[in-house]
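A.B. asks: Here the protein sequences line up with chains A and B, keeping their order.
Position one of the first sequence corresponds to residue 285 (the working numbering), numbered consecutively onward.
Position one of the second sequence corresponds to residue 25 (the working numbering), numbered consecutively onward.
Treat the hints with care, as some may be off.
[To be verified] Interface residues of chain B toward chain A, partial, derived using beta-carbon atoms under 10 Å:
1) GLY92
2) THR95
3) ASN108
4) LEU128
5) ARG131
6) LYS138
Hints were generated in silico from the structure; no laboratory data involved.
All C-beta atoms in this analysis are idealised placements derived from N, C-alpha and C, irrespective of residue type, glycine included.
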Amino acid sequence: MATTGATLGSFGDSPIPLEVAQTANYQVLVTDNGTLFTNTGAGAAVVFTLPALAAGLVFEFLVTAAQSVTIASTAGTDMVFQGNAGRSSLAFSTASEKIGGRLRVQANAAGTKWLCSNLSAGANAASGNRVTAA
Amino acid sequence: MSTTGATLGSFMASPIPLAVSKTANYVVTAADNGTVFDNSGASTTAIVFTLPTLAAGLFYEFQGIDNGSITIASALGSDMVTFNDVGANSIASSTSSEKIGSRLFVRSNAAGTKWYCGRRSSTTVTVAT
Numbered sequence: 285m286a287t288t289g290a291t292l293g294s295f296g297d298s299p300i301p302l303e304v305a306q307t308a309n310y311q312v313l314v315t316d317n318g319t320l321f322t323n324t325g326a327g328a329a330v331v332f333t334l335p336a337l338a339a340g341l342v343f344e345f346l347v348t349a350a351q352s353v354t355i356a357s358t359a360g361t362d363m364v365f366q367g368n369a370g371r372s373s374l375a376f377s378t379a380s381e382k383i384g385g386r387l388r389v390q391a392n393a394a395g396t397k398w399l400c401s402n403l404s405a406g407a408n409a410a411s412g413n414r415v416t417a418a
Numbered sequence: 025m026s027t028t029g030a031t032l033g034s035f036m037a038s039p040i041p042l043a044v045s046k047t048a049n050y051v052v053t054a055a056d057n058g059t060v061f062d063n064s065g066a067s068t069t070a071i072v073f074t075l076p077t078l079a080a081g082l083f084y085e086f087q088g089i090d091n092g093s094i095t096i097a098s099a100l101g102s103d104m105v106t107f108n109d110v111g112a113n114s115i116a117s118s119t120s121s122e123k124i125g126s127r128l129f130v131r132s133n134a135a136g137t138k139w140y141c142g143r144r145s146s147t148t149v150t151v152a153t
């Protein structure tokens, strides 16, 4: 697939971020760097497993079909999210709060943690679309 | 206005994205692409930003600076993907005591058929369908 997003290194650098739909579980690759993944067309839950941590990696995940989407770390316990620096996975799985769920995961400069942000334009002030952390 | 941001086509391509204040309702144009709109100077006046016709590559952000509501509305309607909705008409920062500091963004999808909506603030978003 095209790696424009990866070459440019971020979503904003490209007028159109690389957008890829996955309808089944997917192992995210280093070469996917800069991709906005969606679950457009999915009829079931989708698990995105992140690649091994490395500085410079950034991905976004957007739920467009009303199915659960989980973003999981390969190594585990290295996702930083809402008061916890050792999460293994984050999911949009709450009924009626899946569509619109948007999560950004970005490796820290040391390549040792996934820094995670909920970018959902959800109805809950604090949480947006609710994220279930494990 | 300067169109540096529009020329570069995005926020992060420019160290300082193009920021434009509006104090009244405004119809966003494709030429505004890459702009961060704010309501500085609007005081408590509500502002409606109406998005342009959908096209791939469009990206805008909206920052609450003054204590007025900000609504981002689709021109066509029923094409905004946001909380539990793939066909919303508008999103807004309108909750009392949560307007200042709100920051919402919209980006067209690659096909140019939907507005993908998000936020960068911990403020309530009101969705209209």
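A.B. asks: Against which earlier hints does the structure fall short, listed by number upward?
C.D. replies: Of the numbered hints given earlier, those the structure breaks are 1 and 2, listed in rising order.
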